[in-house]
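S.K.: Sequence:
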Amino acid sequence: MLTMDVHQSMGTFRDSVEAFGDAAMAETTRTDIDFDQASKTISALYDRCKTEIGRMSEAYSRRPWSIADHMACRQVADHSLVTLDAIYQGMRTALANWHGKD
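According to the working numbering, the sequence shown is numbered sequentially starting from 299.
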């Protein structure tokens, strides 16, 4: 049975945050929707990504890894959530600026 090693698993957190950033940027610059629609979509993307990171972290906590590997994976998950929050706040600010809602 093949399983992901700890480094591959930690990379999935980065991939989730990167995917959120790409999708949020696309929503921020859309011209065919208004501020409220874009804001709701970005919030939904954020919630989905935050939930995904939590689920991955929970799943990875059951892997047969060393304590050090589990601690490292948890640290990466926590850092991913902090990064996700920062990107989310930045996108909300950018969206407000884009739509003149300073």
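Simulated from the structure, these hints should not be mistaken for laboratory data.
Any given hint might turn out to be false.
[Said to hold, decoys possible] Simulated pairs of lysine-lysine, DSS-like, Cα-Cα distance not exceeding 27 angstroms:
no.: 1; residue 1: K348; residue 2: K338
no.: 2; residue 1: K399; residue 2: K338
no.: 3; residue 1: K348; residue 2: K399
S.K.: Take the hints in turn and mark each one as holding or not.
M.R.: Okay, the hints, checked on the actual structure:
1. K348 x K338: It holds: about 15 angstroms lies between the C-alpha atoms, which stays within 27 angstroms.
2. K399 x K338: holds (15 angstroms)
3. K348 x K399: The hint holds at about 26 angstroms.
In the structure shown, no violation is registered for any of the earlier numbered hints.
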